[in-house]
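K.L.:
Read off the chains here:
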Amino acid sequence: MQDKILKIKDLAVEYRNKGSYLRVLENINLELEKGEILALVGESGSGKSTLGKTILRLLPDSARIKSGSIMFKGEDICNLSEKDFNDQIRGQEIAMVFQNPQNALNPVFKVGTQILDVLYFKSKKQKTRKQLKKEAVEILKKVGISDPEYRFGEYPHQFSGGMKQRVMLAMAFISNPSLLIADEPTTALDLTVEAQILNLLSNLVEEYKTSILYISHDLGVVAGLSDRIAVMYAGRIVEVAATKELFADPNHPYTEALLKCLPDYKKTEELQTIPGQVPDLGNYPKGCNFHPRCSYSFERCRKEDPNLKEIGSNHFSACFLNDS
Amino acid sequence: MFIYITKRLLWVIPTILTVLLILFSLSYLLPGDPADIILGPRATPEMAEDLNSRLGLDKPWYQSYLIYLQNIIKGDLGTSIFRDRSVLKVILEVLPYTVILTLSGMSFAVFIGISIGLLAANYNNSYLEKFLTIFSFITASTPTYIAGVLLILIFSVNFNLLPSIGIGEGGILSRLHHLIAPALALSVGWTGYIARLTRSSMLETLDQEFIQTEKSFGIPRYYILYKYALKKAIKPIIAVIGLGVGRLLGGAVFVEVIFNRPGLGRLIVDSVNERDLPLVRGGVLVAALLFVIANLVADISYAYFDPRIKQK
Amino acid sequence: MFKSQKFFRFKKKIIRVIKIMKKDSKAYLGGSIIMLILISAIFAPVIAPADPYKTNVTKRLEAPSLENFLGTDSLGRDILSRLIYAARPAVLVSFGGIIISVIIGIILGLIAAYVGGVVESLILFIFDVIRAFPPIILILVLLSIIGPSLLSVIVILGVTIMPRYGRVVRAETLSEKEEDFVEAARSLGADNSRIIFKHILPNIFASVLVLSGMDMASMIMWEAGLSFLGLGLQPPLSSWGVMLQESYQYIQTAPLMIVWPSLAIMLTMLGFSTFAESLRVALNPKLNQEV
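Chains as they are written, first to last, in the numbering used here: chain A, 1 to 324; chain B, 1 to 312; chain C, 1 to 291.
Treat the hints with care, since some could be wrong.
[Unchecked claim] Lysine-lysine pairs mimicking PhoX-like chemistry, simulated, CA-CA at most 25 Å apart:
| no. | chain 1 | residue 1 | chain 2 | residue 2 |
| --- | --- | --- | --- | --- |
| 1 | A | K124 | B | K130 |
| 2 | B | K227 | A | K110 |
| 3 | A | K9 | A | K260 |
| 4 | A | K124 | A | K83 |
| 5 | A | K110 | B | K231 |
| 6 | A | K130 | B | K130 |
| 7 | A | K125 | C | K23 |
| 8 | A | K83 | A | K66 |
| 9 | B | K227 | A | K127 |
| 10 | A | K124 | B | K215 |
| 11 | B | K231 | A | K73 |
| 12 | B | K130 | A | K133 |
| 13 | B | K215 | A | K7 |
| 14 | C | K59 | A | K18 |
| 15 | A | K134 | B | K130 |
| 16 | A | K286 | A | K73 |
| 17 | A | K18 | B | K74 |
| 18 | A | K141 | B | K130 |
| 19 | A | K309 | A | K286 |
| 20 | A | K130 | B | K231 |
| 21 | A | K133 | B | K227 |
| 22 | A | K7 | A | K83 |
| 23 | A | K18 | C | K54 |
| 24 | B | K215 | A | K142 |
| 25 | A | K134 | B | K215 |
| 26 | B | K215 | A | K83 |
| 27 | A | K73 | A | K110 |
| 28 | C | K26 | B | K130 |
| 29 | A | K4 | A | K34 |
| 30 | B | K215 | A | K66 |
| 31 | A | K83 | B | K227 |
| 32 | A | K18 | A | K73 |
| 33 | B | K215 | A | K133 |
| 34 | A | K125 | B | K231 |
[Said to hold, decoys possible] Not close to chain C: a few residues of chain B, all C-beta gaps over 10 Å, as computed:
| no. | residue |
| --- | --- |
| 35 | E46 |
| 36 | S174 |
| 37 | R275 |
| 38 | Y302 |
Simulated from the structure, these hints should not be mistaken for lab results. Idealized CB from N, CA, C, for every residue including glycine.
Taking the hints into account, I'd like the entire structure generated from these sequences.
P.N.:
The following block contains the structure:
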């Protein structure tokens with residue numbers, strides 16, 4: 001049994017909204033093995049980004065962890081003080097790349113300055129910026145930025161989207177993190193660029209042996225990338241399985257529907273859709289969150305919330321259909 | 001951008017001319033006979049005649065107005081009736097004090113205001129922030145003269161820490177000492193405004209995505225605040241400084257009177273009381289000029305920082 | 001049809017604004033202070049414990065006591081009563097001044113926007129000339145010409161502030177003029193005055209309201225400041241500014257005396273500005289943060 005690098009148990013996250021609290025994430029149980037690529041898949045509004053940000057405490061002040069624990073390398077990082085968390089975890093052990101590279105970098109500072117700042121704090125202010133410059137240029141070269149010395153002194157708006165994302169990856173891998181959280185890193189990029197970035201990502205992962213939590217809404221992308229997939233819907237995890245098994249033998253009705261929605265150029269029928277709409281963040285229906293749109297729902301689904309249960313070898317699903 | 005500046009400058013000229021016209025017509029607008037009012041009952045006919053010719057009342061108004069304008073262009077603002085000296089000289093003597101006072105007041109307002117605003121943004125949603133917000137509101141509602149009076153009350157009358165009169169004799173230290181209370185009083189109203197502006201500008205910047213990126217890479221919060229957020233947030237404050245100078249010029253009037261300091265504001269008040277017409281005209285002209293220039297600079301810097309115009 | 005539609009939207013807007021303000025503590029704070037001032041002004045004879053004009057040379061400059069809550073001034077008059085009565089000129093100056101500014105400003109602004117051309121340039125020019133003077137100095141000089149009295153103070157303040165409203169009204173009218181619903185109304189035969197009153201005015205109403213809150217505070221501040229310098233209201237007329245001036249001479253011997261009118265002025269300004277701030281946030285739904 002490999003050691004698990006990340007173990008989230010019974011996590012619940014709420015947002016304060018004008019006096020009352022909205023439950024945004026509920027009953028999250030997730031485990032990530034060392035060296036594994038776990039995809040977190042769901043539609044917009046499923047809470048997947050929120051989950052990613054919660055791990056790195058990047059949520060706004062109005063959000064809080066109501067209950068549960070996040071064990072990283074055996075330690076509950078929820079208990080760390082903000083200072084310790086920032087010094088030890090952020091940008092050290094766990095790093096994150098974001099979806100929209102356009103806004104991710106500060107427009108009034110040179111790219112080189114921003115990289116240097118990350119390096120500076122990572123070295124615990126020990127080295128000077130001059131010393132770190134060499135490292136920074138090296139990293140830029142590694143992620144495939146041509147002419148890195150020159151690029152170092154340029155501003156973000158002089159970089160293309162793909163190049164900015166490379167810079168982001170560079171900044172993320174600077175400190176050789178054990179866990180990388182990738183929040184839809186290629187969604188905002190063109191298809192060709194997407195392929196390049198994914199390639200780069202695989203290479204980096206191989207080199208640094210990083211575990212990855214890859215957040216995406218695109219099942220197609222993660223199919224070729226991830227070892228396991230966790231499916232999210234309306235703030236909950238509804239199914240977890242090895243990639244091949246998820247595609248071959250989906251259990252949860254939502255997963256099933258998702259797979260049906262994938263356009264297949266071989267078929268000529270109409271594109272499938274799931275009737276109904278994703279519920280608003282925090283405004284989840286009573287009982288199983290998916291039941292209003294589920295074609296298999298029955299009495300129990302309207303009343304109770306199903307929990308993740310192991311239904312096969314390392315295959316989990318949260319559906320009452322499995323109980324009967 | 002250049003076009004904008006030129007347009008504004010051109011617009012200023014007729015405005016100033018009209019201001020001059022208004023100032024010139026003061027001698028005709030004063031109720032009663034100028035000689036009576038200004039010189040009093042002991043005026044002799046010769047003095048009255050002299051006064052009339054000085055004020056240009058002995059000629060048809062358009063002639064006098066032209067002479068008036070010509071003189072202004074030559075730099076001659078007339079002669080003060082009661083001080084018997086060139087108006088320009090009198091003004092230039094006291095103007096530096098007002099300038100120093102205004103600049104000090106502005107510096108106080110900017111430093112204290114930005115600090116408060118930064119603190120409030122950093123400790124967002126805490127009791128400290130609520131306290132600072134209330135404090136900013138209160139200072140923004142404190143008129144300059146009341147701030148002056150209260151400062152005198154607390155620091156001069158009660159604690160005898162700060163001098164309440166004059167600009168200080170002997171040495172720069174004494175001058176600085178005498179500058180503290182007046183400059184503080186002047187800055188009070190503006191400090192609150194800058195604090196609130198800083199806070200909201202910072203919060204807006206902090207909201208942006210790149211802040212999140214920097215945070216995720218482990219850059220500590222204080223660094224994010226002071227290096228990254230501040231640089232972006234400071235723009236609106238610079239744009240607003242020109243406006244502040246204009247406002248402070250008005251407040252200087254009160255401060256100079258209360259603290260018994262020489263200055264342009266005090267000069268205008270005194271000359272209005274004395275009915276020293278040439279001095280009133282000259283003083284108000286200079287004040288208006290300064291005010292217009294300050295507003296112009298404010299408008300231009302506003303336009304400079306407005307990305308829509310800058311993009312041209 | 002358009003008339004009732006626009007009016008209905010207007011009414012709904014008012015209701016929505018009131019709802020938002022109900023939840024804002026600033027509105028309550030500001031509103032209650034304003035109410036306090038108004039009540040003091042209107043019901044002064046009823047509320048004030050003593051006659052503000054009654055002098056008593058034997059009781060000069062007394063400290064606060066049971067009989068005179070805030071003490072007595074240099075002529076033995078009860079300070080509390082004077083303070084309450086002084087709310088009257090404050091209210092008159094602020095409301096009177098604002099009404100003048102707003103009315104003249106709206107008229108000139110509308111004319112500028114509608115007539116355009118030379119007239120518009122002329123009106124804008126007048127605004128610019130007024131704005132070329134630092135407000136205090138302009139008020140000072142005008143007062144010295146006309147002579148200080150309650151009426152002249154109100155009128156001069158009104159005229160000094162008027163350009164702000166004129167410009168705002170002109171700008172908003174210009175943009176509203178081009179709106180579609182105005183075109184539609186016109187095609188149905190509505191004449192200009194109908195358009196102005198039913199469509200344009202309700203829209204500029206919001207901006208004008210917020211501005212006037214802040215300006216009312218400023219007017220009180222200026223009147224008090226001028227009276228403090230001895231250039232505003234003159235005794236026996238008594239405003240907080242006049243009280244300030246009277247107390248200033250005794251700042252060494254009776255320091256407490258100057259505190260009361262100072263607090264009154266600050267409180268009033270605080271009330272108006274917080275209320276105006278709350279109005280501003282409520283009227284502009286996009287602004288979620290406070291400034």
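K.L.:
Give a verdict on every hint.
P.N.:
Hint check:
1. K124/A / K130/B: violated (34 Å)
2. K227/B / K110/A: With a Cα-Cα distance of about 13 Å, the restraint between K227/B and K110/A holds, given a limit of 25 Å.
3. K9/A / K260/A: Judged against 25 Å, a Cα distance of about 30 Å means the pair is violated.
4. K124/A / K83/A: holds (13 Å)
5. K110/A / K231/B: holds (13 Å)
6. K130/A / K130/B: Answer violated: K130/A to K130/B is near 42 Å, above 25 Å.
7. K125/A / K23/C: violated (47 Å)
8. K83/A / K66/A: Given that 25 Å is the threshold and the Cα spacing comes to 21 Å, the pair holds.
9. K227/B / K127/A: Given that 25 Å is the threshold and the Cα spacing comes to 19 Å, the pair holds.
10. K124/A / K215/B: holds (15 Å)
11. K231/B / K73/A: violated (38 Å)
12. K130/B / K133/A: Distance of about 42 Å is beyond 25 Å: violated.
13. K215/B / K7/A: holds (23 Å)
14. K59/C / K18/A: violated (56 Å)
15. K134/A / K130/B: With a Cα-Cα distance of about 46 Å, the restraint between K134/A and K130/B is violated, given a limit of 25 Å.
16. K286/A / K73/A: Status violated; Cα separation ~35 Å.
17. K18/A / K74/B: violated (67 Å)
18. K141/A / K130/B: violated (48 Å)
19. K309/A / K286/A: holds (20 Å)
20. K130/A / K231/B: holds (23 Å)
21. K133/A / K227/B: holds (19 Å)
22. K7/A / K83/A: holds (22 Å)
23. K18/A / K54/C: violated (54 Å)
24. K215/B / K142/A: holds (23 Å)
25. K134/A / K215/B: With a Cα-Cα distance of about 23 Å, the restraint between K134/A and K215/B holds, given a limit of 25 Å.
26. K215/B / K83/A: holds (12 Å)
27. K73/A / K110/A: Roughly 35 Å between the alpha carbons, so the hint for K73/A and K110/A is violated.
28. K26/C / K130/B: holds (12 Å)
29. K4/A / K34/A: holds (6 Å)
30. K215/B / K66/A: Judged against 25 Å, a Cα distance of about 23 Å means the pair holds.
31. K83/A / K227/B: Judged against 25 Å, a Cα distance of about 19 Å means the pair holds.
32. K18/A / K73/A: The given pair, whose Cα atoms are some 37 Å apart, is violated under the 25 Å limit.
33. K215/B / K133/A: Given that 25 Å is the threshold and the Cα spacing comes to 21 Å, the pair holds.
34. K125/A / K231/B: Holds, at roughly 22 Å.
35. E46: holds (27 Å)
36. S174: holds (22 Å)
37. R275: Violated, because the least Cβ-Cβ distance between R275/B and chain C comes to about 8 Å, which does not exceed 10 Å.
38. Y302: Given a closest Cβ separation of 15 Å, the condition holds.
Violated hints, in rising order: 1, 3, 6, 7, 11, 12, 14, 15, 16, 17, 18, 23, 27, 32 and 37; the structure is consistent with all others.
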